[in-house]
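Enquirer: Next come the chains, spelled out residue by residue.
2 protein chains.
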Amino acid sequence: MTEPITVAAFAGSLRRKSHNRGLLRAAAELAPDYMTINIVDLAPIPLYNGELDGPNRPAAVQEFLNRLNVADALLIACPEYNYSVTGVLKNALDWASRQPTPDQPPSIQGKPAAIMGAGGRYGTVRAQQHLRYILLHNDVKVLNKPEIMVVRSGDAADSDGNIIDQTVRNQVEELVHALYKWTIQLRK
Amino acid sequence: MTEPITVAAFAGSLRRKSHNRGLLRAAAELAPDYMTINIVDLAPIPLYNGELDGPNRPAAVQEFLNRLNVADALLIACPEYNYSVTGVLKNALDWASRQPTPDQPPSIQGKPAAIMGAGGRYGTVRAQQHLRYILLHNDVKVLNKPEIMVVRSGDAADSDGNIIDQTVRNQVEELVHALYKWTIQLRK
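In order, the protein sequences belong to chains A and B.
With my numbering applied, the first sequence closes on residue 188, and no number is skipped along the way.
With my numbering applied, the second sequence closes on residue 188, and no number is skipped along the way.
Excised from the complex, chain A in its bound form:
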C-alpha cells in the first residue's frame, strides 16, 4: 500500500496571476492521489515582530504554523526580487522557524522540502540559492534535484498565470514524485 502524505505549499508572490502560484497549482493538479498538496496563502501573515510572537501571536500566523506543523513535507515556489527571495517569503519563513507551542519544535524543523521558481532573467537561480541557505537554519531537507528554474515564464503560462507549457509541467510532475520519494525515505 502506498503511504499517503500531506504537503504544505506556498509561493513568495501575492499576485493572483503570479507564475509561481501557477507552479503550485500545477503541482497540486499533477500530484498522485496519495499526495495531498495544500496551498497556503501568505497574504494574511503580518510582518514578523518579536513582541507579537509567542502563545498569543496573531491568529493568521498561528494557523500558518499549525498547517506547517501537520504537513509531512514542504513545497515552496520562489520568485526572485532583487537577486534574492521575496520579502513576503522570507517573512513567512521567519515566522515558520518559530515553535507553534512551547512543547513543539519549530514548524518547519527538519522537514523534507522541494523548491522551484519561475521568472526573472535567470529563472530565479539567485533567489533559490539564498533560499537553500536560509532553510539550513532549521535543518530543512531540501531536495537537490530536479531543479526547476523557469526562464521567460510568460511563455510557459496563460494570462491567468496557469502553467501550460508541457515541458515545465513535466518538470513539476517529476519534482512532486521526487518529493514523495524523499519524504518516505526520510521517514524511515
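None of the hints are false.
A few chain A residues that face chain B, going by a derived Cβ cut-off under 7 angstroms, partial list only:
id : residue
1  : Tyr48
2  : Tyr83
3  : Val88
4  : Asn91
5  : Ser97
6  : Ile134
With a straight-line Cα cutoff of 20 angstroms, these simulated DMTMM-like cross-link-like pairs (lysine to aspartate or glutamate) come out:
id : chain 1 : residue 1 : chain 2 : residue 2
7  : A       : Lys181    : A       : Asp72
8  : A       : Lys181    : A       : Glu29
9  : B       : Lys17     : A       : Asp53
10 : A       : Lys145    : A       : Glu173
11 : A       : Lys17     : B       : Glu51
12 : B       : Lys17     : A       : Glu51
13 : A       : Lys17     : B       : Asp53
Note that these hints are calculated values from the structure, not bench results.
The beta carbon of each residue, even a glycine, is placed where N, CA and C say it ideally should be.
Given the coordinates of chain A, assemble chain B onto it according to the supplied hints.
Expert: Leaving out everything else, chain B in the frame of chain A:
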C-alpha cells in the same frame, strides 16, 4: 564649508528594544551636525504585492519611497534571522526598488549606503553578506569598510536596546563619518 547631507536610516527589526534599532539611534546621536539621520520605521509597510504597486500604492509605502528618494545616502541596520536578512527588511527593500513616480528612478537606485548589524551568534555576518548581494540589483554603493558585526550584542546594550558599549559606539561613529565621506566623493 562642509556640505550637509541627509541619510535615511532603517532597521530590519520591529522590536522596540532591538539592538539594531539601538545602532541607528547611536548613529543619529554620534553623527556630526552636517549630517541629518532620519530614522524611518518599517512597521507600517505592508507586504509587497505587485497588484498594489504603482501610482496608487499604499500611502505608507509611498511615504517611505519619498523619504528614500530625497535622501543623499542610506544607513541600514541588519539583524540576522535564519542565516539571512529579515523578511521585514527584504520586504521594505522590495518596495524601495520601485520607482516612486514613473519619471523617477527607483528610490534607492545608485545611492551610497552603509550597513551594520548586531546580534546572532556571528554578529549578522551571513545576513550582511546576503544584504550586499541584494543591494547590487539597484546599484546601491555599499561602503566596504568599516564592517560592524556586533556579537553578543546583549553585552553592548542596556535593557532598552541603547548601545552603551564604547567600542561599538566608536565603530558606529567611524562608520557614520566614512558614509559622509563616501557620499561626498560619489557626488562629484
